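Chemist: Go by the hints and put chain B onto chain A.
Those sequence lines, one after another, are chains A and B. Per full-length UniProt numbering, the very first residue in the first sequence carries number 1; after that it's consecutive. Per full-length UniProt numbering, the very first residue in the second sequence carries number 1; after that it's consecutive.
There may be inaccurate statements among the hints.
[What the hints assert, rightly or not] Quick list of in silico lysine-lysine cross-link-like pairs, DSSO-like style, CA-CA up to 30 Å:
| # | chain 1 | residue 1 | chain 2 | residue 2 |
| --- | --- | --- | --- | --- |
| 1 | B | K359 | A | K125 |
| 2 | B | K301 | B | K359 |
| 3 | B | K312 | A | K245 |
| 4 | B | K359 | B | K236 |
| 5 | B | K245 | A | K157 |
| 6 | A | K125 | B | K38 |
| 7 | A | K213 | B | K236 |
| 8 | B | K157 | A | K97 |
| 9 | A | K125 | B | K312 |
Hints in this document: simulated from the structure, not taken from any laboratory. Values in this document were obtained by computation on a predicted structure and should not be read as measured data.
Number of protein chains: 2
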Amino acid sequence: MLAREVLQELIKVLGEENVLTEQEDLMTYAYDATAAMKHHKPDVVVSPNSTEQVAEVVKIAAKNNIPVYPRGSGTNLSGGTIPISGGIVLSMLNLNKIIEVDQDNLTATVQPGVIIQTLNNEVVKHGLLYPPDPGTVATATMGGSLSECSGGLRGLKYGVTKHYIMGLQIVLANGEVIRWGGKTVKNVTGYDLVALFTGAEGTLGIITEIIVKLIPAPEARKSILGVFDDVDKAGKAIASIIRNKIIPATLEIMDNVTIQTVENFVHAGLPMDAQAVLLIEVDGYREVVEREAVLVEQILKEEQAIEIKIAKNDQERDLIWLARRRALPALAQKRPTTVLEDATVPRSKIPDMIKAIRKIAEKHNLQIATFGHAGDGNLHPTILTDERDQDEMKRVHLAVDEIFKTAISLGGTLSGEHGIGIAKMGYLDWEFGEAGVAAMRRMKEALDPNYLLNPGKIVRRD
Amino acid sequence: MLAREVLQELIKVLGEENVLTEQEDLMTYAYDATAAMKHHKPDVVVSPNSTEQVAEVVKIAAKNNIPVYPRGSGTNLSGGTIPISGGIVLSMLNLNKIIEVDQDNLTATVQPGVIIQTLNNEVVKHGLLYPPDPGTVATATMGGSLSECSGGLRGLKYGVTKHYIMGLQIVLANGEVIRWGGKTVKNVTGYDLVALFTGAEGTLGIITEIIVKLIPAPEARKSILGVFDDVDKAGKAIASIIRNKIIPATLEIMDNVTIQTVENFVHAGLPMDAQAVLLIEVDGYREVVEREAVLVEQILKEEQAIEIKIAKNDQERDLIWLARRRALPALAQKRPTTVLEDATVPRSKIPDMIKAIRKIAEKHNLQIATFGHAGDGNLHPTILTDERDQDEMKRVHLAVDEIFKTAISLGGTLSGEHGIGIAKMGYLDWEFGEAGVAAMRRMKEALDPNYLLNPGKIVRRD
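Only chain A is shown next, with the shape it has when bound in the complex (with noise of 0.2 Å):
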């Protein structure tokens, strides 16, 4: 419960109307997207409509030792966002506004609240593209996407939210306002806290205005899909097209499990007993899009491919992404809880990854679904289970556990695109080491000594 002097002096600051403190709106904030985590309600929700509000909320509670958890949409999937610890809530969806679309530095200057997909709507005017697409776009803020430093499924070809983050204005731990980085493609003064507070999960600072890249919007693409009664043969093919040098936008891959169970829901016409599909996109320019989609099919019939579809058009194309739109609503329709898992590793451990979820899964009598991001090599091994079992959930959780000690055994990562949060924070000593844990814990005490800005996750107090 916070002080009656500590709400007054919030509300003082945002006006009654931006501050929630009744049981029914608190109870909406105290989780996220992320399956089965514990909910904890925040004291306080509010929502300033300005950068000098938020440093006058974060001075409040600096003082009064209350902690902040700065929120866009909510939609993580880490538990990056739940207020674990109880305080105040920080929603910045009232920071909305597109500032400005710069079209001789390729350039979009919004505030964190403003929704990516809003962004987009935008910039598609002016032939321009903000390439970062998380499967949430159409929901998550830009302050959200870029705390949690967000993926998708452009990450081959056009990267992730870091490689388009060029300047940010931060509120500190202490309230002070800083501005790092901004429209000049070259930037090396002084460390770069840009990229530092990207993908910081709020931890570190609290982020008030962001200048993001802008690129041309493509002009044409292409969608190719290839069935494999072979993991191992959709792997080959996945290397065979990076070694010709095409690197498409997009390079999906849906295992066996989920196969079955898109096709069940959808009914996009995929054979039931396909080891692996993959789904390609090329883009570009139109000539070049052209020559691709040709030496793409050609690879796959290479490759072993039983069956090849080319879209000819906008609809053979939704067609062919329909089976991967639909993947995360079909597997969760079959069990009440669906645990969204991210693990990442290279590209050509795609195939090994792949089996080695497998075999996880029957050893744990699990049901495990497999799709992601083949080109960038970031898998999401889907468990279906029942929070409510609770022998299984225990299963659950050592797959879980193996399937990172897996990816990092194959030199991948813990996380590709959905973040630490509380979820992953007790494995990042297996891939940096207590001292590498060590050095972040050091980083966050110098940005924020209290632990008061989203404590509790990436690290936590030694």
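Modeler: Frame of chain A; chain B shown alone:
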């Protein structure tokens, strides 16, 4: 002077042949490529042959409170490698192995002493490219260019060093060795230390292994030269190229002072009274290069270029680039001292910046030639002077101050690609404010509390 016991410890770890203490040897490590900088001899120069040896040296230094200066080829331009407080210069040139070129994952793993060009000579055999190309590409090391986050001519289309660094092995100030990042395109595990250490100028840790991203080498390229009688017209041409969604690999500009000097030096056929020359190279797929070259020519005409040349073959291409490549040597032979500055503004502000530099030159009665990377807003105002002339050097310093103030006021930054080092440390609070500099200091102290790693660069003890 180092204590004899410390020297003995270093010799024990590295062998006598890798520990230099002769005055003649130390002298050559007392400076770097930066003009008009005071020389400082180190007490010893050591050349480790492994990460373990680097860690041992750092531990010896930490135990005895001795500064350590990591150094590649010493080509940097901000005094970043000068051992200003004496101590140990850690030459990384023995660590010069290309460990792996991974064609499936499009990565290379290298030691920090590898020369950039050596890496490119190797990867080109596989049709691949490591895009960062500072002017010193044939001399500078991967470790040095990573630590300075070098840029170069291809920044507009391909970005700079930081966009290609995927993984690092780092020796921390306490001698502990950590690994961060890896071969996966996506990685959001923990704070992005890979990004933080890139461009940190060796002040946060010593890099001992680097995983870089490679891209397919472009299959074609075409060079175009446009001559203008007015800087603003050149500026409009730059804007029009970008608005037409053409992103050239290279888009360089030279001002009138540069043109005159270079023309006298190489006789490339540039009109002596031209106010600006644009040098443009488009690259990529053959069909696209053809299409874009035609479009660029058309734009140059529309924006009233008084002369346009399109290279029809490699020989003509070399001629177009001869003037640009010889700009610095041509300028350097005019006066004894060449102060090569690095002022970076948003691309749209290039004409304003060039005109401002011209006014500053007139005001302080100095010769300043300006050329640089117009496409990415990174200009190199080059002051032709004589460091023995104290009165003129005073005016040089005043002019440099005004150049940086102007760059920042135009939304630019202190340094696009040369780094802060010693040279620009005093200007940092103009860009970041005291709160920003303090944040950097806290980060430095979190990772190197005793200021032993390249001390006196970027941030100083308070």
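Chemist: Which hints from the list above does the structure break, by number from lowest to highest?
Modeler: 1, 6 and 9
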